[in-house]
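A.B. asks: The chain contents come next:
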Amino acid sequence: MDYTIKIGGEAGQGIQTVGGTLAGFFAKSGYHVFTNQDYESRIRGGHNFYQIRVSDSPVMSSRDKIDILVAMDRDSIPLHEKELTEIGQVVYDSSTLKQKYDNPRFLDLPFVNIALKHGDKIMASTVAVGAVLGMLGMKPDILNEIIKVTFKKKGEEIIKNNINAAKAGHDFALENCKECFSTTAAKNGQPGNPKMLISGTEAIGFGAVASGVKFYSAYPMTPATGIMNYIAGKEEEYGIIVEQAEDEISAINMSLGASFAGVRSMTGTSGGGFALMTEGLSLAGMTEIPVVIALAQRPGPATGLPTRTEQGDLMFALYAGHGEFPRIVFAPGTPEQAFYLTNKGFDLAEKYQIPVIIMTDQYLADAQWTFDEFDLSRLEYTDYRLRSDRLEKLTEYKRYAFTETGVTPLGIPGDSRHLVVIDSDEHDEDGHIVEDAEIRTRMMDKRIFKKMPHIREEIAPPALYGSKRPDIVIVGWGSTYGIMKEVVDLFSKNSNIAMMHFSEIYPFPSPENFYYLKDLHNAKLAICVENNATGQFARLMRAETGFEFKASVNKYDGRPFTLESLAGEINEYIRGL
Amino acid sequence: MSTLEDYSGQQPAWCPGCGNFGILKSFKDAMVEMDIGPEQFSIVSGIGQSSKFPHYVKCNTFNGLHGRALPVATGIRLANNEHPVMVFTGDGDCYGEGGNHLIHAIRRNINVKLFVHDNQIYGLTKGQASPTSMEGTKTKNQPFGVFSEQLNPMALAVALDCSFVARGFSGDTEHTKELIKAALSHKGFSLVDILQPCVSFNKTNTYQWYQERVYKIGPDYDPEDKVQAFQKALEWGERIPIGIIFKNNSRIIYEERIPVIKDAPLVNQSFDSIKLEGTLKEFY
Numbered sequence: 236m237d238y239t240i241k242i243g244g245e246a247g248q249g250i251q252t253v254g255g256t257l258a259g260f261f262a263k264s265g266y267h268v269f270t271n272q273d274y275e276s277r278i279r280g281g282h283n284f285y286q287i288r289v290s291d292s293p294v295m296s297s298r299d300k301i302d303i304l305v306a307m308d309r310d311s312i313p314l315h316e317k318e319l320t321e322i323g324q325v326v327y328d329s330s331t332l333k334q335k336y337d338n339p340r341f342l343d344l345p346f347v348n349i350a351l352k353h354g355d356k357i358m359a360s361t362v363a364v365g366a367v368l369g370m371l372g373m374k375p376d377i378l379n380e381i382i383k384v385t386f387k388k389k390g391e392e393i394i395k396n397n398i399n400a401a402k403a404g405h406d407f408a409l410e411n412c413k414e415c416f417s418t419t420a421a422k423n424g425q426p427g428n429p430k431m432l433i434s435g436t437e438a439i440g441f442g443a444v445a446s447g448v449k450f451y452s453a454y455p456m457t458p459a460t461g462i463m464n465y466i467a468g469k470e471e472e473y474g475i476i477v478e479q480a481e482d483e484i485s486a487i488n489m490s491l492g493a494s495f496a497g498v499r500s501m502t503g504t505s506g507g508g509f510a511l512m513t514e515g516l517s518l519a520g521m522t523e524i525p526v527v528i529a530l531a532q533r534p535g536p537a538t539g540l541p542t543r544t545e546q547g548d549l550m551f552a553l554y555a556g557h558g559e560f561p562r563i564v565f566a567p568g569t570p571e572q573a574f575y576l577t578n579k580g581f582d583l584a585e586k587y588q589i590p591v592i593i594m595t596d597q598y599l600a601d602a603q604w605t606f607d608e609f610d611l612s613r614l615e616y617t618d619y620r621l622r623s624d625r626l627e628k629l630t631e632y633k634r635y636a637f638t639e640t641g642v643t644p645l646g647i648p649g650d651s652r653h654l655v656v657i658d659s660d661e662h663d664e665d666g667h668i669v670e671d672a673e674i675r676t677r678m679m680d681k682r683i684f685k686k687m688p689h690i691r692e693e694i695a696p697p698a699l700y701g702s703k704r705p706d707i708v709i710v711g712w713g714s715t716y717g718i719m720k721e722v723v724d725l726f727s728k729n730s731n732i733a734m735m736h737f738s739e740i741y742p743f744p745s746p747e748n749f750y751y752l753k754d755l756h757n758a759k760l761a762i763c764v765e766n767n768a769t770g771q772f773a774r775l776m777r778a779e780t781g782f783e784f785k786a787s788v789n790k791y792d793g794r795p796f797t798l799e800s801l802a803g804e805i806n807e808y809i810r811g812l
Numbered sequence: 039m040s041t042l043e044d045y046s047g048q049q050p051a052w053c054p055g056c057g058n059f060g061i062l063k064s065f066k067d068a069m070v071e072m073d074i075g076p077e078q079f080s081i082v083s084g085i086g087q088s089s090k091f092p093h094y095v096k097c098n099t100f101n102g103l104h105g106r107a108l109p110v111a112t113g114i115r116l117a118n119n120e121h122p123v124m125v126f127t128g129d130g131d132c133y134g135e136g137g138n139h140l141i142h143a144i145r146r147n148i149n150v151k152l153f154v155h156d157n158q159i160y161g162l163t164k165g166q167a168s169p170t171s172m173e174g175t176k177t178k179n180q181p182f183g184v185f186s187e188q189l190n191p192m193a194l195a196v197a198l199d200c201s202f203v204a205r206g207f208s209g210d211t212e213h214t215k216e217l218i219k220a221a222l223s224h225k226g227f228s229l230v231d232i233l234q235p236c237v238s239f240n241k242t243n244t245y246q247w248y249q250e251r252v253y254k255i256g257p258d259y260d261p262e263d264k265v266q267a268f269q270k271a272l273e274w275g276e277r278i279p280i281g282i283i284f285k286n287n288s289r290i291i292y293e294e295r296i297p298v299i300k301d302a303p304l305v306n307q308s309f310d311s312i313k314l315e316g317t318l319k320e321f322y
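The listed protein sequences derive, respectively, from chains Y and P. Just so you know, the numbering used here puts 688 at position 453 of the first sequence, and the rest follows in order with no gaps. Just so you know, the numbering used here puts 230 at position 192 of the second sequence, and the rest follows in order with no gaps.
In short, the hints are calculated from the structure, not lab data. Owing to the predicted nature of the structure, the values given are computational and were not obtained by experimental measurement. Hints may contain errors.
[Claimed, not checked] Using 35 angstroms as the maximum straight-line C-alpha spacing, the simulated DSBU-like pairs for lysine-lysine come out as follows:
| id | chain 1 | residue 1 | chain 2 | residue 2 |
| --- | --- | --- | --- | --- |
| 1 | Y | Lys628 | Y | Lys703 |
| 2 | P | Lys225 | P | Lys176 |
| 3 | P | Lys319 | Y | Lys300 |
| 4 | Y | Lys586 | P | Lys300 |
| 5 | Y | Lys388 | P | Lys264 |
| 6 | Y | Lys263 | Y | Lys395 |
| 7 | Y | Lys469 | P | Lys313 |
Could you build all of it, start to finish, from the sequences and the hints given here?
C.D. replies: See the structure below:
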């Protein structure tokens with residue numbers, strides 16, 4: 236069972252309500268779910284969609300073909316009609332679209348009228364959800380549970396009305412949609428225990444909270460704003476301060492001030508905001524203050540496509556910030572990876588006193604995946620800082636004392652008789668300004684050459700999936716994890732194919748420690764898959780290892796890869812072999 | 039009992055005769071009188087001759103980026119609202135590069151004390167005009183003279199309802215010391231703009247130029263009268279008032295509006311991982 240439901244409409248029509256509720260229903264029912272969203276940079280109007288894939292096996296990408304199209308505006312039909320499978324159905328409300336379609340595959344379902352009959356036309360979304368369930372032959376019982384929780388604050392009456400509205404939509408669809416999938420419904424048993432449903436944004440937010448973040452400062456920017464929203468929702472419960480800064484320069488500097496004062500700090504932004512933060516990033520490097528930065532990519536350059544997706548800032552994240560200093564760059568491929576890598580990011584930022592950049596993009600940020608659970612026992616939390624007694628008992632304290640590892644114990648100001656002195660200028664062990672050539676050289680050695688070997692040891696190898704001795708390897712980083720994995724599954728019966736995915740990008744996994752280069756050299760064909768125009772990861776691979784990709788698939792139209800489109804590209808290469 | 043020695047840091051790298059020396063003396067005298075130990079507070083500075091200040095004093099120090107001292111200071115105060123934070127900066131750093139942050143720090147009323155070394159010129163970069171340079175000032179970069187109107191930080195601060203607004207003159211170290219103490223004792227964002235001559239690059243606003251113009255605001259002036267404060271802030275030219283121009287006791291400091299730090303500073307609040315199980319369940 237593998238259905239794709241697409242809800243299309245104008246901003247403000249309730250697409251997210253319908254989509255979100257359906258996705259939640261499927262997850263709670265124990266199905267595997269993958270959702271992605273496509274929206275314009277506006278608050279009302281335009282055309283947007285929410286796409287849900289539901290299956291009894293794990294799914295992690297979107298398909299080109301859809302089974303049910305919920306058309307909430309007229310544009311949905313010409314825009315998406317061609318995507319329907321042979322048995323695909325459209326459900327719409329002729330009173331809203333002001334048009335009637337005389338076609339057995341078009342179900343005219345009066346969302347608005349049914350909603351009005353049960354109390355309020357605002358429940359049209361609930362009716363739509365019930366309708367889709369009816370079309371799939373799924374009983375709305377679990378939906379009623381969700382309605383009870385969602386509308387708990389609105390009272391019994393509203394809950395009852397919504398439950399009835401959903402049932403009405405469900406029953407109407409079941410009765411009137413002759414060509415629907417309800418005949419196959421009997422096969423849709425209870426697939427498993429309720430699953431968790433989580434997006435990339437929520438995973439990073441939750442990951443930060445789970446890592447003891449205490450201070451988050453940011454300036455709103457799509458698609459990073461959701462992280463700030465999530466953490467702000469947890470302020471009271473966890474004792475966190477979220478501060479909306481006046482600009483991104485303030486955001487990064489506030490985070491550094493808070494970190495200097497002794498708390499785990501983080502900021503988040505997209506490419507344009509990160510551009511403003513780069514001097515602050517350099518400051519973090521020079522002053523060795525721990526900080527975590529979430530960089531949620533969208534298409535550039537400049538304002539670009541504000542609500543769409545791209546993997547165009549890799550080189551930027553790697554080299555931003557004038558001068559030379561160490562950093563870590565992670566690029567999770569799933570919400571689960573995002574959760575654990577955010578935690579690892581905080582741990583390493585504090586341990587090595589460096590900036591850590593967690594890269595994501597609109598596709599991963601907004602996509603929702605199902606998982607059985609996250610294992611909280613895998614989380615790391617060590618307080619590496621020197622506080623109160625431990626700091627007080629030292630006979631002297633030099634913030635930048637030279638050490639074997641390059642990492643100096645990190646004291647916090649105001650917590651003992653010792654002073655903590657930080658400077659953006661080059662400085663001596665005490666933290667005071669120097670221009671001395673020898674001290675400068677030793678400080679560069681400390682920050683870079685002493686620390687880097689230790690940091691490198693912390694980096695995990697790329698993930699390998701598929702054939703152990705592949706003829707074809709598809710290679711990618713960040714949000715292409717799911718799509719590449721499904722492509723490998725699709726081709727594995729007839730081809731000797733594997734995927735290699737990098738989620739820990741910098742320091743680059745060392746070829747001395749790991750043997751992934753062997754697979755690349757031994758393969759007949761290694762293809763680099765990237766959601767950007769200039770193949771930034773391919774260039775990084777060559778710079779770090781000398782390996783040069785002879786083939787690549789690049790997409791830079793602001794949209795993510797879909798299963799059929801990437802499979803098509805890979806197939807072309809396979810046929811050419 | 040503290041002594042001046044307790045607060046003495048490195049040997050200053052300022053030009054002989056620099057107005058900064060006066061401010062340094064005023065500050066150290068103020069700290070001795072207020073008896074706040076060096077380890078108990080932090081000075082945040084930007085970049086410029088002014089911003090080398092914390093190195094010449096003994097204190098926790100964050101000498102950050104040009105124009106960006108206020109966000110850092112804000113971050114420190116939010117992380118530890120029991121830790122006094124002062125900012126030492128210059129007219130270019132604060133009113134130019136950092137102008138946006140000044141506006142929003144005043145809006146927040148974050149409890150930070152801001153001391154601006156205002157020498158109406160850029161010193162460290164050797165003589166360009168600053169936002170407070172007077173119209174017509176000629177420099178290598180402004181060969182026809184400055185075209186823009188001189189920025190009035192006092193009027194700006196009063197207009198934004200800044201909690202404490204004062205102007206000083208580095209040549210009167212006793213008066214400046216009292217202003218510093220008043221700012222440190224005040225609860226709220228405090229801006230003290232301290233006029234000081236740059237002996238190397240500002241040939242207009244010299245010691246003598248200031249001596250001829252500054253006058254102390256008298257005891258019958260009510261600093262809580264906003265309209266009067268605005269008028270006082272607009273006085274410039276032949277007569278330049280120094281002293282407390284505006285004092286607003288009605289504003290609550292930002293730190294006290296935040297429920298999360300009502301009972302304890304953020305830095306003293308531990309991370310409670312017990313709650314994570316419950317948070318995880320929210321995704322089901």
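A.B. asks: If a hint holds in the structure, say so; if it does not, say that too.
C.D. replies: Consistency of the hints with the structure:
1. Y:Lys628 - Y:Lys703: 55 angstroms, violated
2. P:Lys225 - P:Lys176: Violated, at roughly 40 angstroms.
3. P:Lys319 - Y:Lys300: 33 angstroms, holds
4. Y:Lys586 - P:Lys300: 30 angstroms, holds
5. Y:Lys388 - P:Lys264: 46 angstroms, violated
6. Y:Lys263 - Y:Lys395: 20 angstroms, holds
7. Y:Lys469 - P:Lys313: Between lysine 469 of chain Y and lysine 313 of chain P the Cα gap is close to 11 angstroms, so the pair holds against 35 angstroms.
Hint violations for this structure: numbers 1, 2, 5, all remaining hints satisfied.
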